[in-house]
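Asks: Here's the letter readout for the chains.
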Amino acid sequence: MSSPFVGQVIDLLAALMLLIAFAMLAQRRLLRLIHLFALQGAVLTLNTMVVAVTLVQSHLWFSVALNLVLKVIVLPMILIRVVNRLGLRRDAESVGNLPFIMLVAVVLVILSFNVALPISRLAGTITRGTLGIAMASMLIAFLMMITRRKAVAQVVGFLAMENALFFAATSATYGMPMVVELGIALDVLVGTFIFGIFFFQIRETFDSLDTRSLERLGGRE
Amino acid sequence: MTELLLILCLPLAGAAVLGLRGERTWAAEANAAFSLVTFLAAVALAARVVGQGPLVLLSELFFVDALNVFLVTLTAFVGFTTSLFSRVYMRVEQQLGRLTGMRLRLYHGMYQMFMFTMLVALLTNNVGILWVAMEAATLATVLLVSLYRTPASIEAAWKYFILCGVGIAQALFGTILLYLAAERVLGAGGSALLWTHLHEVKDQLEPTVLGIAFVFLLVGYGTKVGLVPLHNWLPDAHAEGPTPISAVLSGLLLNVALYAVVRNKVLVDAALGSPLPGYLMMGFGLLSVLVAAFFLFRQKDVKRLFAYSSIEHMGIAAFAFGMGGPVAAFGGLLHMTAHSLTKSAIFFAVGHAAQKTGTQNMDEIRGLVHVSPAVGWGLMVGGIAILGIPPFGVFASEFVILTTAMRDHPWAAPILLIGLGVAFASVFSRLQAMVFGDTTAKRLPHPPALLPVFVHLALVLMLGLYMPPYLAAWYRQAAAMLG
Numbered sequence: 043m044s045s046p047f048v049g050q051v052i053d054l055l056a057a058l059m060l061l062i063a064f065a066m067l068a069q070r071r072l073l074r075l076i077h078l079f080a081l082q083g084a085v086l087t088l089n090t091m092v093v094a095v096t097l098v099q100s101h102l103w104f105s106v107a108l109n110l111v112l113k114v115i116v117l118p119m120i121l122i123r124v125v126n127r128l129g130l131r132r133d134a135e136s137v138g139n140l141p142f143i144m145l146v147a148v149v150l151v152i153l154s155f156n157v158a159l160p161i162s163r164l165a166g167t168i169t170r171g172t173l174g175i176a177m178a179s180m181l182i183a184f185l186m187m188i189t190r191r192k193a194v195a196q197v198v199g200f201l202a203m204e205n206a207l208f209f210a211a212t213s214a215t216y217g218m219p220m221v222v223e224l225g226i227a228l229d230v231l232v233g234t235f236i237f238g239i240f241f242f243q244i245r246e247t248f249d250s251l252d253t254r255s256l257e258r259l260g261g262r263e
Numbered sequence: 009m010t011e012l013l014l015i016l017c018l019p020l021a022g023a024a025v026l027g028l029r030g031e032r033t034w035a036a037e038a039n040a041a042f043s044l045v046t047f048l049a050a051v052a053l054a055a056r057v058v059g060q061g062p063l064v065l066l067s068e069l070f071f072v073d074a075l076n077v078f079l080v081t082l083t084a085f086v087g088f089t090t091s092l093f094s095r096v097y098m099r100v101e102q103q104l105g106r107l108t109g110m111r112l113r114l115y116h117g118m119y120q121m122f123m124f125t126m127l128v129a130l131l132t133n134n135v136g137i138l139w140v141a142m143e144a145a146t147l148a149t150v151l152l153v154s155l156y157r158t159p160a161s162i163e164a165a166w167k168y169f170i171l172c173g174v175g176i177a178q179a180l181f182g183t184i185l186l187y188l189a190a191e192r193v194l195g196a197g198g199s200a201l202l203w204t205h206l207h208e209v210k211d212q213l214e215p216t217v218l219g220i221a222f223v224f225l226l227v228g229y230g231t232k233v234g235l236v237p238l239h240n241w242l243p244d245a246h247a248e249g250p251t252p253i254s255a256v257l258s259g260l261l262l263n264v265a266l267y268a269v270v271r272n273k274v275l276v277d278a279a280l281g282s283p284l285p286g287y288l289m290m291g292f293g294l295l296s297v298l299v300a301a302f303f304l305f306r307q308k309d310v311k312r313l314f315a316y317s318s319i320e321h322m323g324i325a326a327f328a329f330g331m332g333g334p335v336a337a338f339g340g341l342l343h344m345t346a347h348s349l350t351k352s353a354i355f356f357a358v359g360h361a362a363q364k365t366g367t368q369n370m371d372e373i374r375g376l377v378h379v380s381p382a383v384g385w386g387l388m389v390g391g392i393a394i395l396g397i398p399p400f401g402v403f404a405s406e407f408v409i410l411t412t413a414m415r416d417h418p419w420a421a422p423i424l425l426i427g428l429g430v431a432f433a434s435v436f437s438r439l440q441a442m443v444f445g446d447t448t449a450k451r452l453p454h455p456p457a458l459l460p461v462f463v464h465l466a467l468v469l470m471l472g473l474y475m476p477p478y479l480a481a482w483y484r485q486a487a488a489m490l491g
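Protein sequence lines correspond, in order, to chains B and U. One point on numbering: in the numbering used here, the residue at position 103 of the first sequence is 145, and numbering is uninterrupted. One point on numbering: in the numbering used here, the residue at position 324 of the second sequence is 332, and numbering is uninterrupted.
Don't take each hint at face value.
Said to hold, decoys possible - On the chain B side, residues computed to face chain U include the following (Cβ under 10 Å):
hint, residue
1, Q99
2, A165
3, A176
4, M177
5, Q196
6, V197
7, F200
8, E204
9, A211
10, V222
11, L224
12, G225
13, V230
14, F240
15, Q243
What the hints assert, rightly or not - Simulated coverage check for chain U against chain B, where a stretch passes if three residues somewhere in it have a Cβ under 8 Å from a Cβ of chain B:
hint, region
16, 164-174
17, 211-221
If you're looking for bench data, these hints aren't it; they were derived computationally from the structure. No residue lacks a Cβ here, since even glycine has one placed at the ideal position from N, Cα and C.
Generate the whole structure from the sequences, applying the supplied hints.
Replies: Written as structure tokens, this is what we have:
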């Protein structure tokens, strides 16, 4: 494959990644949020695949498989099951002052590009231009966790952050060494299961999955 | 080699056995037995490393030097004594009807799993695996914090999970940046994240990237150390979980997280050749000391009180490592040891006191010394030790750190002294009322497990009065590593 073409494909996928991050920030319906998360996983996988094909890097294929199974299939499936079991299919929440949040996100993007610029100059990868996008997606996911009140939405934000980190690893260094990647994937998987258990515990104790009801300790400091 | 495998496999085997059979009556004894053998293996490993120098094992996956073997021994020791305490404590909790068999199984299994993750974090040579193990340590303890399923405990666990999860994600980004810089020198593939390799080329790593990486690493692991302003999860998690877990969180997890920061700082220091990382750590440390000292004043819950005291002491240790140099690093390591022994002893005593009085509210705990002199005196002596009164080990380490600060950074010494003074005033008055004063406590169905309390306090006393030469040599070796 010719290199400028590959570069453009990678840039396109990175742009999609950022677009999905923004869409997640604005999405109020829980089920669609999870679909967006799965889509983000798919874009991530595709991006890794393009790099793997271009560079003939065998360990990247492993990473592709891991992403495909974990982030496109298993995690969204767990989340959807939890949402169904808790009867939250039609659940939606108000996200507060959306235009303002969007503006903050735009500022975050500009900030990330500034921080990432000196780093990406040093990276020798064909994907280095996308490091800023990875960092921006990470910060937007973080912003989403702050602005949401529902426990499930916060967890989706957390997992989106993990996605962005994987994307950062691919764009800066063609992925981490295999054992580290495997360890991270295991942590994410176990973490999602524990989150699932938590949803039921919270629901059982508080009759709601709104984390505002979790604010008793807050005043005590 | 054998020792290393034992240290790693025993807790894992323990987790499997107790995860399946942890509700049986012998489970608590089994938990203690697994921890004891792990501790003995750690002692054997320490003896070998002190004798033969650093070891690299299992195709470079693990690396043992004076610095981490010392923390491994400390971790295994406190893990063992806590399991002795938890044997009695959890039995009482079960009889009080606060726990079912299922939850006891979860507790025992996860206790061993937690020990495993911390030992992996300490022993691994791979900076990436260090991250994975730190995250796994959070995952292992989060369900323990919510073990009682009270609203407050679930809230505390959720906060712990989310804040530490987000925090540690920053550390992963920092690790990715470190890998990016390392890859340019060491080439792609597994070896670029191995600490031994990184250590060799540390002065060739790209300074810009490492500078940014360190900020992320410090914020990430700093969340787990409980440095202000990232400390929000810590008092809740300590107060709401079962007391043995408070003891290991405070005594061990915070140490391991600080170790992760310090290991990375060694690399960044050499690459940057500027005092910036040190100043960052000193700033976070001083802020933690001050803020925690003032928050101590407002506490009503005894476990929250000592949780804030942990933030304060971790601040002191972070400050010491931030100053750098062999003397300050020596002080920091000594402080980590003394704090972890004293604080876990205090939590043991507090656990029994809370069971006797049926409350964690300090206003309702009164006159412990009349009902159980041992618990009362244990808490009093532990409190005096943690406040840095001579002749205990905490005094010795704080003295070393303060005098070094006066020499190298005179501006910081008054801030530290104010923090220590405020902490003293607020903790001591509370302690006095809890230990002496009119009693409210009742008898317990089991005699309290006080051996661990006094063993820990005796060790801390020894560290303050007399340090055996081999121990001093060992500390010096470890401190030189951080040079």
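Asks: State for each hint whether it applies.
Replies: Evaluation of the provided hints:
no.: 1; hint: Q99; result: holds, 9 Å
no.: 2; hint: A165; result: holds, 6 Å
no.: 3; hint: A176; result: holds, 9 Å
no.: 4; hint: M177; result: holds, 8 Å
no.: 5; hint: Q196; result: holds, 6 Å
no.: 6; hint: V197; result: holds, 9 Å
no.: 7; hint: F200; result: holds, 6 Å
no.: 8; hint: E204; result: holds, 7 Å
no.: 9; hint: A211; result: holds, 5 Å
no.: 10; hint: V222; result: holds, 3 Å
no.: 11; hint: L224; result: holds, 9 Å
no.: 12; hint: G225; result: holds, 3 Å
no.: 13; hint: V230; result: holds, 9 Å
no.: 14; hint: F240; result: holds, 6 Å
no.: 15; hint: Q243; result: holds, 5 Å
no.: 16; hint: 164-174; result: holds (count 8)
no.: 17; hint: 211-221; result: holds (count 4)
Violated hints are absent here; each numbered hint is respected by the structure.
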